[in-house]
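Colleague: Letter by letter, the chains look like this.
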Amino acid sequence: MTMNREGRPTTPDEVGSTAPDTFTGNRALRIEEPVIFDVGTAEATGVDLPEPDGAVKSRLGGLERSEPLDLPGLAEPEAMRHYVRLSQKNYAIDMGLYPLGSCTMKHNPRLNEKMARLPGFADVHPLQPVSTVPGALELIAECARWLCVSTGMEAVAMSPKAGAHGELCGMMAIKAAHAAHGENRSIVLVPESAHGTNPATAALLGYKVVAIPAREDGTVDPAAVIERLSDDVAGIMLTNPNTCGLFERDIVEIAKAVHEAGAYFYCDGANLNAILGKARPGDLGVDCMHINLHKTFSTPHGGGGPGAGPVVLSERLKAFAPLPYVKMTAAGPELIETPADAEADGTKPFGRMTAFHGQMGMFVRAMTYMLSHGADGLRQASEDAVLNANYVRAGLQDVMSLPFGERPYMHEVLFDDSFLDDTGVSTLDFAKAMIDEGFHPMTMYFPLVVHGAMLIEPTESESKASLDLFVATLRDLVMRAKRGEVDRFKGAPWYAPRRRLDETAAARHPVLKWTPPEPQTADAAE
Amino acid sequence: MTVYFTKDHEWISLDGDVGTVGITDYAQNQLGDVVFVELPDVGKALEKGGDAAVVESVKAASEVYAPISGEVVEINDALTDAPEKVNAEAETGAWFFKVKLSDTGELDGLMDADAYKAHIADL
Amino acid sequence: MRYLPLTDTDRADMLQRIGVAAIDDLFVDIPKDVRLKDLVDLPKAAGEMSVERQMSRMAAKNVSAGSVPFFVGAGAYRHHVPATVDHLIQRSEFLTAYTPYQPEISQGTLQTLFEFQTQVAGLTGMDVANASMYDGSTATAEAVLMAHRLTRRKKAVLSGGLHPQYRAVVKNLSDMAGDELVCLAPDPAGTEALLEEIDDDTSCVVVQTPSFYGQLTDLTAIAEKAHEKKALLIAVVTEVVSLGALQPPGAMGADIVVAEGQSIGNSLNFGGPYVGLFATRQKYVRQMPGRLAGLTTDAEGRRGYVLTLSTREQHIRREKATSNICTNSGLCALAFTIHMTLLGAAGLKRLATLNHQSAVQLADALSAVPGVEVLNESFFNEFTIRTPKPAAKVIEALAAKDILGGVPVSRLEPGNADLADLIVVAATEINSDEDRAAYADALKEVLA
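Residue numbers (our numbering), protein chains in the order written: chain A, 27 to 552; chain B, 1232 to 1354; chain C, 117 to 564.
Since the hints were made in silico from the structure, they are not lab data.
Some hints could be false.
As the list claims (entries may be wrong) - Which chain C residues stay away from chain B? Per the calculated CB distances, all over 10 Å, these: (1) Asp-154; (2) Gln-170; (3) Arg-419; (4) Asp-480; (5) Pro-504; (6) Val-562.
To be verified - In silico BS3-like pairs for lysine-lysine, Cα to Cα no more than 25 Å straight-line: (7) C/Lys-517 x B/Lys-1316; (8) A/Lys-83 x A/Lys-140; (9) B/Lys-1331 x B/Lys-1316; (10) B/Lys-1275 x B/Lys-1348; (11) A/Lys-374 x C/Lys-287; (12) C/Lys-399 x C/Lys-345; (13) B/Lys-1275 x A/Lys-234; (14) B/Lys-1279 x B/Lys-1329; (15) B/Lys-1275 x B/Lys-1316; (16) C/Lys-345 x C/Lys-270; (17) C/Lys-287 x C/Lys-341; (18) C/Lys-287 x C/Lys-270; (19) A/Lys-234 x B/Lys-1329; (20) C/Lys-560 x A/Lys-234; (21) B/Lys-1275 x C/Lys-465; (22) B/Lys-1275 x C/Lys-345; (23) B/Lys-1238 x B/Lys-1279; (24) C/Lys-465 x A/Lys-83; (25) C/Lys-153 x A/Lys-282; (26) B/Lys-1331 x B/Lys-1275; (27) C/Lys-177 x A/Lys-140; (28) A/Lys-353 x C/Lys-177.
To be verified - Far from chain B, by Cβ distances over 10 Å, these chain A residues were calculated: (29) Leu-144; (30) Leu-231; (31) Asp-448.
Cβ atoms here follow ideal geometry from the backbone N, Cα and C, with glycine treated the same way.
Please put together the full structure from these sequences, using the hints given.
Modeller: Here it is as structure tokens:
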């Protein structure tokens, strides 16, 4: 059988509470909140709608709902409290450092939100007449232009809904390009350090995934790629900078070899924040790359989406970009929406990724971010992101372990867990102890290429003072782990809204929705 | 009854030409809490070394390989409702499936208990 | 630059602490000949006032839905969203939180997802729902893939009442993955012979209700035929408010229900971001794509929530995952849940009734216009009209009179002469009597 190398406990140990009980279960500002199904009723509502007109005859064709509608409602003040209390159980970038490697949790400017809510963007329908939306099309075209110029690429498919969707789009463009050349290649090369979405995407399109091992220094060896290239290889999916925080320094050579084999180079753009203004994927030989607008371009993560994943394309792939797209002409922006439009435009779109035009709301936010930064600000942001990561590295390298040594990293730095050897503290415990200190944990157990990985990405949004406190805190935790304060780590977090949760029970017997409590019978009540 | 082991941590216990297959105690220990087991359909033809079942912990899904070629003749349905049995009794009650061997010669390449013990000691 | 806290003094101190002379010493791994020497050719940084001016200029060129009588639907609908919704989703703790991988400090997000899943299951009449998908169209494509996995067959049958762009999305993925697809001809009248297309190779049949053309379908017979052939029925709902008035697909035998949830809590946003709903039967849960929040307890025995069954997902299964999807549409799902909580059952029913009545009144008004025919006998809040002139021209002429009168079918089904005179028209609770009268009057003038 295949073996999980990172087995770790998913059932918490029993621990006692450290504070006296309260009648309500609340702990001052930390207020326990039931689910709406426990407190709302079918009768209550927080919306006043006009009385329906009794004289209008129904035309529902006998399909009126007879099935019960179990949706509890709450009056507005109750709803407000319910969701405000719930919100207070979340960590957020607006509260503190969010050092999640490869996730780029940077500040989300509120100007972005304000612009996204302008009626001219937010209150516009995707299928209202094209003549009534020139500004929306212009926004898409302008956002596309900034992305192309910043990355040195020829075109961009704007419609993918998120990073993984962009990946799918990029790989579809590659598949379409091979098909256009009468080829049907079956293999995609993916390095071991890649995001899980890469192999999942390739497999979805029927490709066989061949893994490329990382070399000692955490980067991809061109020789390992060349060895696996053949006329059956459709492409390579490479993250650059990679998930070890290192720039693939042989990338140009790899791209050249890939192209010589008739294959395409897909770059996972998750880590673009490290190189904007410093290097352009187009100059590195990249054929397509998705851009996570919710990472590099500051659109909010929103507790897990929505994101946006435009895909920039090289000259070799641009003709295959999916529908729809916006073309800038002298007369203004033109929407290419149907295969007939595309034929007239001389392109060969592979198909359509989504209904409508993509994540317009995210384009507006990203555009606002780009205009705010400008070419100089974008470069400064990347420099500061890299500076901050290396500052954290310099502050921690003598007490934590760097699997790839004391060298410059890009925007994130990877530690392994060997500094915790013989302490009885695991990466998981260490991360949970960070929660008690008021920090969100770093990315852990990813990438898989080192043991007990801890991947730290501070982003450019952190001040020096913030980083100093973070470094000092981690140094203190390391010292405590080495001093044998194991219980502090094993029980952590102590001060979060919840202690460690029983993930085993949740997975063995999944409860995925609220169900009404069993009615008590007369016997049971006695 | 003879029990054989694979280097990938499956065991197979032989009764005539029917083998009972499970994962080793070492494997369950490495996986942590097992939360789900996916078993093959009865009647499925297995090929030695091919995917036969899946065992999942919260954070990982692991393929269980067929230690031997043959046809699945029985599966241990009890594991579907109580995957925790894999942690409690990996090498006894928590067998995964029974297979009718198509080539007993394939047993030659497998380890006995002592050899397996030595194998995991090296890991 | 206002978003960058480091000062030049900080930068100099930090470089020194790191032990390098200049920032470019940290970029040494980038081959020298591909390192940018100059700034890229784009404008320099700008302050809030300037950015706001530039953005507002573009926004002002669009006709916003709220500024005119507005009857455009076809998969995205303009509804009134209570002010509370937008306030709450802009709270820092929701807006700027990451995916809830650390459950101890993400209970807010996780509990709202649990509420969302429960609401979606109840609304669709299904056992379980996931924590949302990108949108309705991608959810439909994912549902087809799920049906292929469950049935181990590869042929999907798409009804001609399915939104043409949803069809295109399914077709794209299907073609790329090498699966088989049968697309029935566009079916404005709602009379297609779908049952005949379901055979022993069919993995699933995909039916939208109300259809793209507004037609209502009792799914029961389709479900029966599908199940007889061991195929699955996937029901697609693009107007989720309809479930407040119409029998849910779950009660008519659907195995998977996917929906576009934009109507509840979310703005039109020119097409995105939206929120896909995805619900199915309990027995299929392990083949369902997407995130799931589940109930559990913490080390002190208190109720809490975690992401669960994650072994289905890409970050663990990698190439064996049920989908390559990495995330959900969290904030849009939150908006959905808050709006739904404000409505409650009573509010949703009334909202649905108001929508239906608005459409009935509009259908009456438009069918009184000489030459105009309403195709639908029954409908919810959207229906199809036939006009004596090419629909695209009619819609443009109406727009010139500041009426956004619907979607000409020819925009989505170009090159089909039979459809060139059809317009899909939607009416919701936002439309007033005056709006409807203005539409009928303008249409009369345009057709005269």
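Colleague: Broken hints, numbered, in rising order?
Modeller: 7, 8, 10, 19, 20, 21
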